[in-house]
Every structure is written in C-alpha cells, then in structure tokens.
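J.: If you're matching them up, the sequences are chains A and B in order.
Count the first sequence with the numbering used here and you get residues 63 to 273, in order.
Count the second sequence with the numbering used here and you get residues 63 to 273, in order.
I should point out that these hints are in silico values taken from the structure, not numbers from a laboratory.
Since this is a predicted model, take the numbers as computed values, not measurements.
Take the hints with a grain of salt, since some may be wrong.
Claimed, not checked - Below are the EDC-like pairs computed for lysine to aspartate or glutamate, each with C-alpha atoms no more than 16 Å apart in a straight line:
| # | chain 1 | residue 1 | chain 2 | residue 2 |
| --- | --- | --- | --- | --- |
| 1 | A | LYS234 | B | GLU191 |
| 2 | B | LYS71 | B | GLU118 |
| 3 | A | LYS270 | A | GLU181 |
| 4 | B | LYS270 | B | GLU143 |
| 5 | B | LYS234 | A | GLU191 |
| 6 | A | LYS111 | A | GLU181 |
| 7 | B | LYS234 | A | GLU218 |
| 8 | A | LYS93 | A | ASP113 |
| 9 | A | LYS199 | A | ASP177 |
| 10 | A | LYS262 | A | ASP243 |
| 11 | B | LYS248 | B | GLU150 |
| 12 | A | LYS248 | A | GLU266 |
| 13 | A | LYS70 | A | GLU110 |
| 14 | A | LYS270 | A | ASP256 |
| 15 | B | LYS248 | A | GLU266 |
| 16 | B | LYS234 | A | ASP177 |
| 17 | B | LYS234 | B | ASP158 |
| 18 | A | LYS121 | A | GLU181 |
| 19 | B | LYS248 | A | ASP217 |
| 20 | A | LYS248 | B | GLU218 |
| 21 | A | LYS248 | B | GLU143 |
| 22 | B | LYS70 | B | GLU118 |
| 23 | A | LYS248 | B | ASP217 |
| 24 | A | LYS234 | B | ASP158 |
| 25 | A | LYS121 | A | ASP177 |
| 26 | B | LYS138 | B | GLU110 |
| 27 | B | LYS263 | B | GLU181 |
| 28 | A | LYS140 | A | ASP75 |
| 29 | B | LYS234 | A | ASP158 |
| 30 | B | LYS112 | B | GLU181 |
| 31 | A | LYS234 | B | ASP177 |
| 32 | B | LYS111 | B | ASP217 |
| 33 | A | LYS248 | B | ASP158 |
| 34 | A | LYS234 | A | ASP158 |
| 35 | A | LYS199 | A | GLU181 |
| 36 | B | LYS248 | A | ASP213 |
| 37 | A | LYS262 | A | ASP217 |
| 38 | B | LYS248 | A | GLU218 |
| 39 | A | LYS234 | B | ASP217 |
There are 2 protein chains.
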Amino acid sequence: MSKGKSTKKQILDTAVRIASTFGIQGITIGKLAGATGMSKSGLFAHFEKKDNLQLEIMKLASENFVETVFIPAFKKQKGEERILAMFENWMSYLNDGQTLPGGSIFISASFELDDRPGELRSFVQKSQEDLIRNIAKAASLAIEVGDFRKDLNPDEFAKRLYSYVLGYHHYKRMLNHPDSDSFIRKAFCDLVGDARTENKKHKEIKLKVAN
Amino acid sequence: MSKGKSTKKQILDTAVRIASTFGIQGITIGKLAGATGMSKSGLFAHFEKKDNLQLEIMKLASENFVETVFIPAFKKQKGEERILAMFENWMSYLNDGQTLPGGSIFISASFELDDRPGELRSFVQKSQEDLIRNIAKAASLAIEVGDFRKDLNPDEFAKRLYSYVLGYHHYKRMLNHPDSDSFIRKAFCDLVGDARTENKKHKEIKLKVAN
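Pulled out of the complex, with its shape left as it was, chain A reads as follows (with noise of 0.2 Å):
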C-alpha cells in the first residue's frame, strides 16, 4: 500500500464510524477534519468534494460488509450451514462498537435516500438488491442440497430475513429494547425451521452468536 492510498484508507474508516452515528448526509469535510486531526484542505486534496467523500464511505461499508458476512459464508457448505453462517457474520457486522458505532450505514442510508435520486441512492440501492439476491442465491442452493423445501419461494425467505434485521436494528438501536437479540434469533430460526424439508424439521438450531 502507497502512503496515500493508506493515509485515505485511514481516514475513510474515521468516516465510516462518522457516519455511522451521523448518517452518510450528517457526514461533513468539518467533521471529518476535526475527528482526523487534518485540516480541511488536506481532506478536500482526498475527496475533492462531498458527493465523493459519502460514495467512497459507502464503498467502504459494503466491501467491510461482503468481507464479514458473506466471503466466509461462501465458504461453508452450500444448504443450511452457508445460511447459518451468513446469519452469525451478519450479526457480529451489526454489533462490532469499533467499526459501527451507530449501527449499519446502509440501513439508515436506505431511509435517508429513497426519495433522494442520484449517484449514491443509486449505488446504496445496487447494493441492497445484491444483498437479497445473495441470501436468495444461498436459499436456492440449500433447496437444491434437500435442507430446504422445494416450494419455498427463495426471494421471499431473502426479503423476510431482512425485514427482521431492519426490525432488530429498529428495536436495538431506537427503542433500546434488551431483549432485541433474542428476538431476531427467535425470528431467524422460525424461519429457518418454515423453510426446511419436512425430515430436517425439528433438528434443533445451533447458533454461534458472540454478542
């Protein structure tokens, strides 16, 4: 790594976590400049411009995103176990204090952008539609190796899956509810257990959640 591009991806981390609390349009050079120690025209020398700072944020959170959840769940066997796995990475994602203070820069940016067209609305919705398609595409393969039921519809299992983790961040982070782990753990195996093969149905579920 040259200097420069280590120095920037220093400061694109500071702004990750920045955002993270802020949202990706509380996300100002001033206060990256302040949380960095830099002064504004050596951001400004990085990013040139806001529009670029936010886009090259929210590159960053997906590619942090696709590292810790879904790399090593591809690496697991195809079926029920790679769904698991996805599963548990996701959560240690959404609970690491050190990289997301405030929670997932997608989820409030996908709340913060959607009437707002442009370059980043479009990149942060390119990346949601990856994401279900992912969770979709682990579906199918867990249909195919016989874990999952063949009329399970794989997009409907993606989409209620993330619907459960928008109501986890939801209740962990704006309601501060105690039992919102439990919750979505109860929430995943439920629809794990709906989606099985009639012989699979009752194995119990195993989770690993570190937090």
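We have chain A already, so just place chain B on it with the hints.
T.: Relative to the frame of chain A, chain B by itself:
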C-alpha cells in the same frame, strides 16, 4: 376552530408532506415558507424555532396514524378481525400519496434519530412503543377470544409484523420493487396463519386491500 389554529393546521399538513420526502431533519423554516407561500417571520410567529416545528409535525403525524389505523380497527370485534382491520388501515395509511408522498415519517425519523438524544427522539420512541404495544394488545385479545393459539407471544407477533412493514417500506420506497404489496400481504397472511389455533388454521384470510 379559531383562524389561528386552522392556519397552523394547514401549515402543519404541508410540513408533514415535506417531512415525508425530506425527512424530519430535512425540514426547514425556509422550505416551509416556499411551500406555503408564507413569510419566514410569519412562520416563526407560529413555531418560534425549528425544534418546535419538528415536534409538532411528529405529533400531527402520530394523530393521523392513530385516527387512520387504530381508531377504526378498535371499533371492530376483538380477535383476528381487528388485526386484519389494523393491517388494512396501515396499508392505506402508508400508501396515501396525498398525506405522505414520501412514505412514513415515523419510519424515516426512527432511522434518522436513533443516535441523537432529545425531545424529538423521545417522542418518536414513545410513539413506536405505543404502536408495538397496541398491536400486541390486539394479539392478546385474539388469544383471549380463541382466534389465536395460547402459546403465541403477542409481543413477538407485533414485532415481526412491524419488521415486515419496515421491510415493505424499504422494498417499495428504496428499491422500487413492483411486487412489494404482494410481499407484505403474503408475509402478513403467513404470520396470522401461524398465530391461529389449530382448528382455524386453514380458513382463508380475506384482505380488502384498497391499493
């Protein structure tokens, strides 16, 4: 209604529409002046500062919700009928392009404000708690009258339903999925189906969905 009050109500109706698109933090006295044709100083006379305006917007949005969703539903029989009415009213509320051109203010405000303590966040939080409690209460009554099974957890039922609504809002508003209405209807029907007592399991669920 005195003239002052009715003018204020009209301003607030406009403000609710603006906040629906730009978010509760995106509302400014300037934008409101532009939309209502009033002077900024005229608006200051009504609200004094932006904080008051934001809080009054959320209060009006909350009243609208209760009047559209809960009050007519609570006139229905206790039990599944009331739950169905609540859901149908909720869908009409969310899809009323006249009042909420940009979707639910509460949903976007929840994600905007989760990391920003203050009176506004507290109000939104309380409204969300009331919402979940009202659905859970309706589910408890459905257990009481024998429509729903005794081992159903009403709070869980309410939180799963609200998660689906959050997902619905996201898929429809952010991702522009044309099948979002059928997504939420099917998710809701499965949730109700799963909540029912064994002898009512296979009765058809008839939804009147206006939109």
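J.: Hints first: check each against the structure and report whether it holds.
T.: Against the structure, the hints:
no. : hint                   : verdict
1   : A:LYS234 with B:GLU191 : holds, 12 Å
2   : B:LYS71 with B:GLU118  : holds, 10 Å
3   : A:LYS270 with A:GLU181 : violated, 38 Å
4   : B:LYS270 with B:GLU143 : holds, 12 Å
5   : B:LYS234 with A:GLU191 : holds, 12 Å
6   : A:LYS111 with A:GLU181 : holds, 14 Å
7   : B:LYS234 with A:GLU218 : holds, 14 Å
8   : A:LYS93 with A:ASP113  : holds, 15 Å
9   : A:LYS199 with A:ASP177 : violated, 29 Å
10  : A:LYS262 with A:ASP243 : violated, 25 Å
11  : B:LYS248 with B:GLU150 : holds, 13 Å
12  : A:LYS248 with A:GLU266 : holds, 12 Å
13  : A:LYS70 with A:GLU110  : holds, 13 Å
14  : A:LYS270 with A:ASP256 : violated, 20 Å
15  : B:LYS248 with A:GLU266 : violated, 27 Å
16  : B:LYS234 with A:ASP177 : holds, 11 Å
17  : B:LYS234 with B:ASP158 : holds, 14 Å
18  : A:LYS121 with A:GLU181 : holds, 12 Å
19  : B:LYS248 with A:ASP217 : holds, 13 Å
20  : A:LYS248 with B:GLU218 : holds, 9 Å
21  : A:LYS248 with B:GLU143 : violated, 27 Å
22  : B:LYS70 with B:GLU118  : holds, 10 Å
23  : A:LYS248 with B:ASP217 : holds, 13 Å
24  : A:LYS234 with B:ASP158 : violated, 29 Å
25  : A:LYS121 with A:ASP177 : violated, 20 Å
26  : B:LYS138 with B:GLU110 : violated, 41 Å
27  : B:LYS263 with B:GLU181 : violated, 44 Å
28  : A:LYS140 with A:ASP75  : violated, 33 Å
29  : B:LYS234 with A:ASP158 : violated, 29 Å
30  : B:LYS112 with B:GLU181 : holds, 12 Å
31  : A:LYS234 with B:ASP177 : holds, 11 Å
32  : B:LYS111 with B:ASP217 : violated, 38 Å
33  : A:LYS248 with B:ASP158 : violated, 33 Å
34  : A:LYS234 with A:ASP158 : holds, 14 Å
35  : A:LYS199 with A:GLU181 : violated, 27 Å
36  : B:LYS248 with A:ASP213 : holds, 14 Å
37  : A:LYS262 with A:ASP217 : violated, 21 Å
38  : B:LYS248 with A:GLU218 : holds, 9 Å
39  : A:LYS234 with B:ASP217 : holds, 15 Å
Of the hints listed earlier, those the structure fails to meet are numbers 3, 9, 10, 14, 15, 21, 24, 25, 26, 27, 28, 29, 32, 33, 35 and 37, in rising order.
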